[in-house]
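Protein chains: 2
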Amino acid sequence: MAEREPIPIIGGTGALGAGLATRWAQAGVPVVLGSRSAERAEEAAAKVLTAVPGSGVTGLENGEAAKQGQVVFLTVPFRAQSENLNNLREALAPGQILVDCTVPLAAAVSGKATRSLGVWQGSAAQQAQEMVPEGVTVVAALHTVGAPTLSDTSAELGEDVLVCGDRKADKARVARLIELIPGLRAVNAGALEMARIVEQLTPMLISVNSRYKAHAGIRLTGLPDADHWA
Amino acid sequence: MAEREPIPIIGGTGALGAGLATRWAQAGVPVVLGSRSAERAEEAAAKVLTAVPGSGVTGLENGEAAKQGQVVFLTVPFRAQSENLNNLREALAPGQILVDCTVPLAAAVSGKATRSLGVWQGSAAQQAQEMVPEGVTVVAALHTVGAPTLSDTSAELGEDVLVCGDRKADKARVARLIELIPGLRAVNAGALEMARIVEQLTPMLISVNSRYKAHAGIRLTGLPDADHWA
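Taken in sequence, the protein lines are chains A and B.
Note that our numbering numbers the first sequence so that position 87 is 87, with each residue one more than the last.
Add 1000 to the 1-based position in the second sequence for our numbering, that's all there is to it.
One chain only, chain A, in its complex shape (with noise of 0.2 Å):
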């Protein structure tokens, strides 16, 4: 079997990147994490081996964590998501599939997190897909999976991933590389514009989370079992 292609995580310092990055080591799936700075990558990948010794995690500056996988992770705070897009621009390629993982948090302008800010494009997913080199298309997914339960490997997951992009087989792309962490489900949600709506969903869990002091996730009822990427 050929070598599994590496998952680059932009902002793979922050606690989503390191989170899902804890996630796929555990399921033997090579991750390149991205930083402004080549040493911050390096030592997030270190804090990621000592949680699953042996894993095949590296850490690299952000335009060459992009290069090393087709399919790139963005999970960057919206605050920084033009800035970390600007600068990817000469990194991405046509073909690549970047994932927008930002949520326009009212929070990243001093507001409340369990608010949000309206975007011009409609969607976080939306302006990065503005913001794109030509021939890279953004698929939008892993809003609602809160990074402490992705970083806490006793914590068995069992929710859903909402996905959404203008495209099915990037969308299902995606959702494979989602599905190699167990107990994670990929859901097709529609159309990237869809975005807008899955994007707040974090604000609303944000503010049940605070109520129930709980780590919420979504879960959608009543789908038939079949595999819908198949």
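No wet-lab data here; the hints were simulated from the structure.
Every residue, glycine too, gets a C-beta built ideally from N, C-alpha and C.
Keep in mind that a hint or two might mislead.
Stretch-level coverage of chain A by chain B, calculated; a stretch enters the list once three of its residues show a Cβ under 8 Å from a Cβ in chain B [stated by the list, open to error]:
(1) 149–159
(2) 180–189
(3) 212–222
Computed cross-link-like contacts, DSSO-like style, restricted to lysine-lysine with a CA-CA straight-line distance of at most 27 Å [claimed, not checked]:
(4) A:K67 - A:K47
(5) A:K168 - B:K1112
(6) A:K112 - B:K1168
(7) A:K213 - B:K1168
(8) A:K168 - B:K1168
Once you've looked at the hints, dock chain B against the given chain A.
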């Protein structure tokens, strides 16, 4: 034990109202279906009585129906929300709770049911709060529970209802009524303004339903088992 107060459902001849009436009827809860015409309300009640013989379902003109219980459910399409609230101005009295279930689908103005309208006040529920008489409070709920599933008395429910409102006591009263229906769990989703997020779940679910040929609902994972409303 005192007889239980009936639950008025304004717009009770529509699919959601009839579905809720059916489930409450099964649970032994008296329901008053409201409609613009008393005759249509009685016809709708007769249908529920056929589905659930011997249950306490009656039909009245909307204004009369709204006076029969303290917690009044509004289940009309968004297109008709304002008109119905105008008509209820004389019927609703201080201390009553109006449970707004309307969703501002773009279908209200010939758009898609998988898209939504921007509502000036932020959400249909906040528009309702602006329109009800002084002293009536609005709680938003039941946006994500599908009418076909409710009306199919052989279908087992197992999903959450996200409840938004500005006072926990009001939400708790509504939650208790919702949880009289087996298989529905009411979750405190925050202040009424959070309805602008929760109402958006409906177009997303409509999109998922058409793709998966399903009747999807929402379930939050990771919440504690304890009764949050106690």
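With a cut-off of 8 Å between beta carbons, are at least three residues of the stretch 180–189 of chain A near chain B?
Check passed, 3 qualifying residues.
Going straight from one Cα to the other, do K67 of chain A and K47 of chain A come out at no more than 27 Å?
Roughly 22 Å separates the two Cα atoms, so the pair holds.
Does the alpha-carbon distance linking K168 of chain A and K1112 of chain B stay inside the 27 Å limit?
20 Å, holds
Is the straight-line distance between the alpha-carbon of K168 of chain A and that of K1168 of chain B 27 Å or less?
Violated. K168 of chain A to K1168 of chain B sits at ~42 Å, over the 27 Å cutoff.
Does K1168 of chain B sit within 27 Å of K112 of chain A, going by the straight-line distance between their CA atoms?
20 Å, holds
Does K1168 of chain B lie within 27 Å of K213 of chain A when you go C-alpha to C-alpha?
Cα-Cα ~16 Å, so holds.
Three or more residues of the stretch 149–159 of chain A near chain B by CB distance under 8 Å?
holds (count 3)
Counting residues of the stretch 212–222 of chain A that have a beta-carbon nearer than 8 Å to any beta-carbon of chain B, does the count reach 3?
n = 11 at 8 Å, threshold three: holds.
Checked against the numbered hints given earlier, the structure breaks only hint 8 and satisfies all the rest.
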